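Sequence lines, in order, name chains A and V.
When we follow our numbering, the leftmost residue of the first sequence carries the number 1, and every step to the right adds one.
When we follow our numbering, the leftmost residue of the second sequence carries the number 1, and every step to the right adds one.
Honestly, the hints are just simulated from the structure, not real lab data.
Bear in mind that the values here come from a model prediction, so they are computed numbers and not experimental data.
Keep in mind that a hint or two might mislead.
Note: identical chains are not told apart, hence a pair may lie in one copy or across any two.
With a straight-line cut-off of 20 angstroms between C-alpha atoms, the simulated DMTMM-like cross-links for lysine to aspartate or glutamate are [claimed, not checked]:
#: 1; residue 1: K113; residue 2: E510
#: 2; residue 1: K548; residue 2: E402
#: 3; residue 1: K518; residue 2: D395
#: 4; residue 1: K563; residue 2: E531
#: 5; residue 1: K113; residue 2: E129
#: 6; residue 1: K202; residue 2: E524
#: 7; residue 1: K452; residue 2: D395
#: 8; residue 1: K164; residue 2: D519
#: 9; residue 1: K203; residue 2: D395
#: 10; residue 1: K452; residue 2: D361
#: 11; residue 1: K164; residue 2: E402
#: 12; residue 1: K548; residue 2: E398
#: 13; residue 1: K202; residue 2: E129
#: 14; residue 1: K164; residue 2: E407
#: 15; residue 1: K202; residue 2: E402
2 protein chains.
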Amino acid sequence: MEPGRRSRLALLTDLYQFTMAYGYWRAGRHWEPAEFELSFRRCPFQGGFALGAGLGECLAFLRGFSLSQADPRPPPDRAETRVRPDATGGASPTPALKHVSTQPGRLPWGSVKADIEYVRSALPSGTDEAFFDYLRTVDASEVTVAAVPEGSVVFPRVPLLQVKGPLLVVQLLESTLLCLVNYASLVATNAARFRLLAGPDKKLMEMGLRRAQGPDGALSASKYSYVGGFDFTSNVLAGQLYGIPVRGTVAHSYVVSFSALAEVQPRMLAPRAGGEPVDFPCLATTWLERACQLLRVPREGVNEGELAAFVSYAITFPCSFQGLVDTYSVMRSGVPNFCGVALALAQLGYRAIGVRLDSGDLARQAAAIRRMLRACSVQFQLPWFEAVPIAVSNDVSEQSLEAFGTEGSDIDMIGIGTHLVTCPQQPSLGCIYKLVQVNGRPRMKLTEEEEKMTLPGCKAAYRLRDAAGRPFMDLLALADESPPWAGQELEAWVLGASPEALRVIPAAVETLHRTYFKDGQVCEPLPSLPEVRSHAAASLRSLGPAHKRLREPEPYQVAMTEKLHVLLQTLRQASQ
Amino acid sequence: MEPGRRSRLALLTDLYQFTMAYGYWRAGRHWEPAEFELSFRRCPFQGGFALGAGLGECLAFLRGFSLSQADPRPPPDRAETRVRPDATGGASPTPALKHVSTQPGRLPWGSVKADIEYVRSALPSGTDEAFFDYLRTVDASEVTVAAVPEGSVVFPRVPLLQVKGPLLVVQLLESTLLCLVNYASLVATNAARFRLLAGPDKKLMEMGLRRAQGPDGALSASKYSYVGGFDFTSNVLAGQLYGIPVRGTVAHSYVVSFSALAEVQPRMLAPRAGGEPVDFPCLATTWLERACQLLRVPREGVNEGELAAFVSYAITFPCSFQGLVDTYSVMRSGVPNFCGVALALAQLGYRAIGVRLDSGDLARQAAAIRRMLRACSVQFQLPWFEAVPIAVSNDVSEQSLEAFGTEGSDIDMIGIGTHLVTCPQQPSLGCIYKLVQVNGRPRMKLTEEEEKMTLPGCKAAYRLRDAAGRPFMDLLALADESPPWAGQELEAWVLGASPEALRVIPAAVETLHRTYFKDGQVCEPLPSLPEVRSHAAASLRSLGPAHKRLREPEPYQVAMTEKLHVLLQTLRQASQ
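If we strip away everything but chain A, and leave its shape as in the complex, we get (with noise of 0.2 angstroms):
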């Protein structure tokens, strides 16, 4: 592979595994085979399941893993804080990297090693060359990965990820391969949860952009909120490589930007369907004087900066025009001037497509919006304008969302962004990846605190179903066990539960795992965004109502077949 084409995610790691690479190597250990499962222990959010995201991106880290030795390049995950190295810009060949920044015109990324070179300056002195020599020689080409499909409702224990190859290499993906699952997956989740809250008609707008951990937090959150059922992002960047549909319209600054109609350039207007340019300004300034009047707000107490700023943007958006009615009184002036300005673009023959409002008690003032915009509907004869849709933001999270109640249904479109994007409820999924099977023999972390215990050996999961369809069980079995079928009466270990067996009888039977990356490529067909979004709500939808309830659901069970349990409890005895 080209020295462009190279990863430069390889050292997006933790020290720890160049530590055991070379105790594995030096032990001659390095190419044993070894197995490793990426998974969760709890539902994040107190949930009742999560959606599993982030498997393209992790292919394609696997496809380009490797180490650079001499790369004067500044590596591309920084590359948009490169500075130009002198005000004249271009003279250097090696652009500067702006992060450990010193004066003006100094070259800070010069000082930058390659990986290799990074790497043997960070191990204690005294190591082998030779080490370094093989790790050139590392790559993915021989790894093995199978993964539930991406967007699939995964639930603790059952691995996302199996991870296949030589021990040396498979320990070196841990720590990326977890940065790349453990947020996807978390925010889709989270995304999902408000999905189910806000229930299917209405529309939500991701807008987290300014609240996330930099601009590569940004993006994830853009992408798998997507993926979790969102409909739009305010994030252009991730619109221009996602695909994502965008939204947006103004803010504050915006209104607060104009203080008198005098201001307002151009202020001629052409009716939709063609003819004479009115003077707007003075159109809205009639139409708000019969708003006034019917809402029965006081002319004077109406915001001019704001109505300046509404017929503004009217002017240069007529098809479009939305209005952010809270920049100073909502009642008093905000809703009469959009009122104002989109009944006068209505007597041109424009449809205004908005209210917007982003603080106060969203609900409740949503509902006085909406009886205002009735009056003005049935006072105009314009129908359509009691359905003008209303837009809200301020700080949206599950528990304002529930408080939304009956008022809440008066809102067509909510952007949330702090609550998605951060995760307060809980800001991280705590993915691991244990090894799980090395040179053949199965392995496990007995550790005395019985939640981090992990489950040994190489395995094959499957997702059994009842007569309605219903998933109602992920059952856990050695890779080398013969699969369930359907009809079969099956005994289950369920985990966390009574250590007797459970007999089941599954009406379906679903391999949970395919086989996405083989001999240093992706080998399955990989969705596109939007079919990844598909399947999780079509994953979704199946699942039980009660274990998708939010608060208190009942656990979803994960099992063991037995040949699994009693691998389980031989390893436990070994130990003691």
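Place chain V on chain A using the hints.
Same frame as chain A, now just chain V:
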């Protein structure tokens, strides 16, 4: 600027910025001189201070700010997840970006539009084509940025950045600047709180890579935790890029990958001073027996796989052996095995560098481990042995760190991941970017929510210190007021306090903001990352202890001069 140097972050913004930009342009207002302030409303974590961070990245973004016209390269921020477009690699001229992934071999990147073209597709049809011609010329060459030096202690309502320039341009910068400052400042502040809690002597290591919001979130966490007072990171890429010291040893997977001493390869280790190599597993076994006897631990309960892992690691890194002691039983296996191996090393002249503990009650176990180390130290006459550093990690939070109590004194190093990088106490800082002046007219947002109101006008900020050199007030003045001087009696209206003015006499006055960016260039020498870190430490040191209390701190005073106070009142009244 050549295309290769263009920033690809220009579209990392909210769509409404472009909508507003078009509104301003259409109204002929895009060139109007405007000023925005970036600030926060409340200190994070219910604390009394924040550390301002992210400035260096903001400046780098500004230098490269412009929109691409036609650029088929993948954007650098995700370029690390490129995949080879086909199995042979290198055949295609355009590297594929692996995001909305499709069948292997398809090129999703090929469909990503250049910036300008994408913005055109996202705005309503009918948007004037001349606007896009104008966007092609937009950059930050007319923007001026003044800022508080990076790493400074900062307080609510005092601008971290003051951004001046043509209205359209400075509006477009909003979301990206917020994205770059918000998390940087939040995590630096969080790190500083951990440092205050841990005291100056314990070593603190950031290890949140797998819990952050993707690769960039993780790198930001490493970088700004270091600024806030951490000593190390586990993230190798952060070490490579930023020069932060990295640390790491082994994981449980390394320990469980061994099951018997027979697997240890190679077995021989020479004494440090030179001489005949010895069979190290044998030597360690002998010492393990002595240690078990001394510590009254049954020899048969000691796990042999763990012993093999320690022995192998010690042979690999004889000068830097550290034992991860909690894979099986800490007291009945991990510590005895550590002592056996470390004492065997000691016989050969090597000193073990530490014990690591990753589960259970960390402080209590550390105290018990210290007693065991002390017993060995006395029995085998190795004074240094009792001081072997104990490193701990396991979901450490502010609360658990506080709970360490006196037993915690036996802990030498603390690794913190989730609770550092995700800032669960408050996962976003909530910075805002508000218009304060346009075309010479001061502006403010006069909303019904008092806290969302902004302070109008171009301002200067002064930090007032008492005779002991402690800052006691940040005073906001209009930019055209003459600066206060040391010894002057000043009237100050404290924000959020009584409507009466306070009279204060500062012993010293410091101007808070410096101009960092002018004419498209960084115009002030930028400190290195270690310099930013030192500045943060010094800035925190000078702050009074009452403001640094982690719970219920005394609020630091932020006040206005009479002129600013009068302007605020005037604008409020004018809008009523």
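Hints, one by one, checked against the model:
1. For a Cα distance limit of 20 angstroms, the shortest separation of K113 from E510 qualifies neither inside one copy, at 48 angstroms, nor across copies, at 40 angstroms.
2. Taking CA atoms no more than 20 angstroms apart as the test, K548 paired with E402 passes inside one copy only; the shortest distance there is 15 angstroms, against 37 angstroms between copies.
3. For the identical chains of this complex, K518 and D395 are neighbours neither inside a copy (44 angstroms) nor across copies (35 angstroms), given an alpha-carbon limit of 20 angstroms.
4. Neither within a single protomer nor between protomers do K563 and E531 lie at most 20 angstroms apart by alpha-carbon distance, with minima of 36 angstroms and 59 angstroms respectively.
5. In this homomeric assembly, K113 and E129 come within 20 angstroms of each other (Cα to Cα) only inside a single copy, at 17 angstroms, whereas the closest approach across copies is 46 angstroms.
6. Taking CA atoms no more than 20 angstroms apart as the test, K202 paired with E524 passes in neither setting, with 35 angstroms inside one copy and 49 angstroms between copies.
7. Taking the shortest alpha-carbon separations for K452 and D395, only the inter-copy value of 13 angstroms comes in at or below 20 angstroms, while the best intra-copy value is 35 angstroms.
8. Only within a single protomer do K164 and D519 lie at most 20 angstroms apart by alpha-carbon distance; the minimum there is 11 angstroms, versus 54 angstroms between protomers.
9. Proximity of K203 and D395 under a CA criterion of 20 angstroms is satisfied intra-copy only: 16 angstroms inside one chain copy versus 37 angstroms between copies.
10. In this homomeric assembly, K452 and D361 come within 20 angstroms of each other (Cα to Cα) only across copies, at 14 angstroms, whereas the closest approach inside a single copy is 44 angstroms.
11. Neither within a single protomer nor between protomers do K164 and E402 lie at most 20 angstroms apart by alpha-carbon distance, with minima of 44 angstroms and 41 angstroms respectively.
12. In this homomeric assembly, K548 and E398 come within 20 angstroms of each other (Cα to Cα) only inside a single copy, at 14 angstroms, whereas the closest approach across copies is 33 angstroms.
13. In this homomeric assembly, K202 and E129 never come within 20 angstroms of each other (Cα to Cα): the closest approach is 61 angstroms inside a single copy and 34 angstroms across copies.
14. With identical chains, the CA atoms of K164 and E407 are never at most 20 angstroms apart, being 53 angstroms at best within one copy and 42 angstroms at best between copies.
15. In this assembly of identical chains, the alpha carbons of K202 and E402 lie at most 20 angstroms apart only when taken from the same copy (14 angstroms versus 45 angstroms across copies).
Hints 1, 3, 4, 6, 11, 13, 14 from the list above are not met by this structure, while the remaining hints are.
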